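Enquirer: Chains Y and V supply the protein sequences, listed in that same order. Taking the working numbering, the leading residue of the first sequence gets 82, the next gets one more, and so forth. Taking the working numbering, the leading residue of the second sequence gets 4, the next gets one more, and so forth.
Calculated from the structure, these hints are not laboratory results. Keep in mind that this is a model prediction, so the values were computed, not measured. Be a bit skeptical, because a hint or two may be false.
[As the list claims (entries may be wrong)] Each computed DSBU-like pair below joins lysine-lysine, with the alpha-carbon atoms no more than 30 Å apart:
#1 K124(V) to K213(V)
#2 K408(Y) to K124(V)
#3 K119(Y) to K124(V)
#4 K351(V) to K220(V)
#5 K124(V) to K333(Y)
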Amino acid sequence: MDLSLVWAIIILFGIMMYIIMDGFDLGIGILYPFFQEKDDRDLMMNTVAPIWDGNETWLVLGGAGLLAAFPLAYSVILSALSLPLLFMLMALIFRGVAFEFRFRATDTERHFWDKAFLGGSIAATFFQGITLGAYLQGIKMANQAYAGGPLDWISPFSLFTGLGLLVTYALLGSTWLIFKTTGELQATCYKLSQRISIVLFAIIIIISIWTPLMDSRIAERWFTLPNLLWLSPVPLLVALVFYKLQAALKAKAETSPFIYTLCLVLLGYAGLGISIWPNIIPPEMTIQAAAAPPQSQAFALVGAVIIIPIILIYTAWGYYVFRGKVKPGEAYH
Amino acid sequence: MSELALTLSRIQFGFTISFHIVFPAITIGLASYLAVLEASWLKTRQTVYLDLYHFWVKLFSLCFGMGVVSGLVMAYQFGTNWSGFSNVAGSVTGPLLAYEVLTAFFLEAGFLGVMLFGWNKVGPGLHFTATLMVAIGTLVSATWILASNSWMQTPQGFELVNGKVIPVDWLKIIFNPSFPYRLLHMVIAAYLATALFVSAAAAWQLLRGKDNAAVRKMMSMGLWLILLIAPLQVVIGDMHGLNTLQHQPAKIAAIEGHWENRANEPTPLILMAWPDMAREKNHFALEIPVLGSLILRHSLTEQIPALKEFPADERPNATIVFWTFRIMVGLGLLMILLAVTSLWLRYKNQLYQHKAFLRFAVAMGPAGVIAILAGWFTTEIGRQPWVVYGVLRTADAVTPHTTSEVAVTLTLFVLIYLAVFGMGTMYVLRLINTGPKTGEALQGDAISINPSDVDEFALAPEFHPDAKTPSAGKDQ
């Protein structure tokens with residue numbers, strides 16, 4: 082069994098869980114500017130308050146899994162992207178504490194934590210997107226270490242992926258709110274979702290054109306035979322899901338818009354994965370070349386294989402406990 | 004990589020982890036305390052426990068939130084700023100960290116939602132399970148991270164191949180020589196810090212004339228715990244010290260400010276001094292002969308290794324660790340004094356009235372946290388110049404960022420931490436100042452018992468006479 086392959090799949094799974102789960106709760110912060118009333122904002126926050134912490138834990142798993150299974154990749158990628166990552170973490174501090182502080186603040190202070198939640202969510206997402214874009218563009222290496230400059234991560238492409246992720250999370254957030262709320266708030270979210278989804282569709286198209294133009298290896302991956310045949314369903318599915326999402330929003334469906342958005346995000350994620358596979362440090366270092374010694378990978382794998390299913394079970398239970406619509410004024414602890 | 008950039012990177016790590024450790028320490032203690040309170044409530048149905056639960060869970064969630072966001076920074080900082088360390092030793096610390104995430108972080112996060120928001124959603128048994136899982140999660144987390152840290156202090160169970168650590172025996176790695184002592188020392192320290200904090204919060208209320216059953220109960224519980232574990236901590240601290248002497252003698256020599264051994268002279272205990280690293284001597288030393296040998300060797304003659312026996316570039320900074328160690332020990336002794344005094348006042352029936360004692364208890368509120376920080380400064384700075392003792396030097400572990408890059412991130416971290424965690428501390432203190440009320444579980448939107456039981460609960464005046472009457476705060 083190829084331990085590195087298994088670990089790569091686990092880490093990809095962890096990051097995917099992170100993107101979809103923290104995605105919608107970051108999205109709620111991104112959407113705060115569209116809702117000015119305190120009651121609306123309370124309600125929006127309450128839809129994720131019991132679960133956001135678990136959502137964010139997947140980000141820690143991504144980091145820890147990478148360190149355990151691919152320490153070289155962890156050290157190179159994180160030193161290369163150190164600034165955007167640290168900026169993202171700083172932004173996450175603001176939005177994370179806002180969950181608690183907002184409820185503890187006096188009426189005159191609350192606006193500050195509203196801004197912290199809003200600004201923190203936007204900045205965290207933006208820098209996360211920049212990190213993603215800079216990673217896709219590739220990392221300069223020499224002698225098993227990062228060989229580029231401290232600001233190499235700034236490029237038109239990475240700024241655009243930063244923007245793209247903001248739109249992605251905003252759509253996850255607004256369709257999540259459709260799912261969890263009723264009345265006027267929900268009605269606003271229908272309108273917002275429709276507009277945001279069109280922007281997202283445009284962004285997916287632009288990134289799909291931009292990446293192969295940027296990197297001939299990615300172009301080769303997608304546009305040569307027989308790959309072209311195998312991979313052609315991906316863009317077709319994106320178009321289909323987008324169409325279904327529009328229809329669901331028009332029909333005022335409550336659950337399916339969120340599901341279709343998840344599908345859209347997963348397809349986008351798969352598309353990016355296909356573009357760089359089997360590299361762990363684009364453009365050249367493969368997962369095998371960056372692997373930890375098998376003793377490390379095997380030891381950590383035992384835990385991952387046994388415990389991740391258990392985690393999924395109790396996480397699902399947590400979501401089940403807090404199922405259904407969130408009502409205004411519902412009890413905080 | 005300039006010397007300045009390395010220093011700034013070390014300051015950044017030290018700064019961010021010093022802020023971080025305070026929150027997990029308090030949450031370890033509070034989570035267990037909450038589990039005890041909820042168990043006591045389930046068993047006795049005395050609502051004073053439920054009131055206390057609802058008061059302390061607010062503080063717990065504040066501290067937990069701050070712990071999560073500051074901990075996230077730690078998980079990534081090993082790579083962003085210490086890539087040499089990750090690349091060389093990630094094969095050991097990575098899997099340990101992964102186990103921490105899998106067995107502890109998810110457990111805490113998964114059950115935290117139910118613990119904080121689930122009173123009306125699940126039954127009492129299931130809710131208690133959630134609290135218990137969170138408490139267990141905090142302890143499991145401490146276990147893994149201390150296994151990792153202890154391995155960095157006393158590494159074993161690996162081999163070096165091409166300059167990289169290759170794990171050979173995971174049991175040896177986890178159960179490395181300093182791990183049991185460090186784990187016990189830290190968990191007890193967390194409990195002590197929390198108990199001191201809880202007692203101080205109660206003493207503060209009593210001093211302000213707010214006396215109720217909940218305040219008395221938490222005062223009493225906190226002080227009993229301190230009485231139980233503060234002396235125990237001395238014993239474990241002693242064992243930990245002997246273990247360090249065996250495995251990291253240079254650290255002990257620095258802690259003791261012990262520069263050289265003279266023939267046939269047992270090691271003295273230096274009470275106060277100013278160790279000077281450049282001149283290799285102490286200024287103003289105040290010492291007791293033989294006591295050093297007695298404490299560290301349990302002997303009247305045997306010496307301990309002295310600093311000058313180690314090459315100058317392998318000595319930790321004695322000026323710092325000499326003092327941080329003494330701060331920790333001094334505070335520990337004050338904790339014992341507090342506990343013993345409380346026992347006497349209990350006997351005299353004055354525990355809740357004695358003003359001077361209450362002031363002492365308030366002053367000791369932050370003592371546990373300060374002692375934890377002082378202790379970690381001692382053991383981490385005492386490990387220098389190594390990051391993995393004897394294997395990897397700190398200077399080789401750092402990411403070669405430019406000075407300005409580290410200066411920018413460090414400045415931002417300092418500003419953000421002071422602002423955000425400063426506000427957080429203010430909210431904590433504000434809650435402490437408000438104090439637990441009788442009928443806390445019924446206050447505002449925090450109704451935490453099944454709606455069908457509310458009436459019965461509210462109509463049980465023997466438990467909370469002021470919950471439904473205008474004479475709030477006048478009980479007792």
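Enquirer: Now, for every hint given, state plainly whether the structure supports it.
Expert: Outcome of the hint check:
1. This hinted pair does not check out: K124(V) and K213(V) have alpha carbons roughly 33 Å apart, beyond 30 Å.
2. Taken as a hint, the K408(Y) and K124(V) pair is honoured in the structure, with Cα atoms around 14 Å apart against an allowance of 30 Å.
3. Taken as a hint, the K119(Y) and K124(V) pair is honoured in the structure, with Cα atoms around 25 Å apart against an allowance of 30 Å.
4. The hinted pair formed by K351(V) and K220(V) meets the criterion: a straight-line CA distance of about 17 Å does not exceed 30 Å.
5. Of the supplied pair hints, the one linking K124(V) and K333(Y) holds, its CA atoms being roughly 28 Å apart against a limit of 30 Å.
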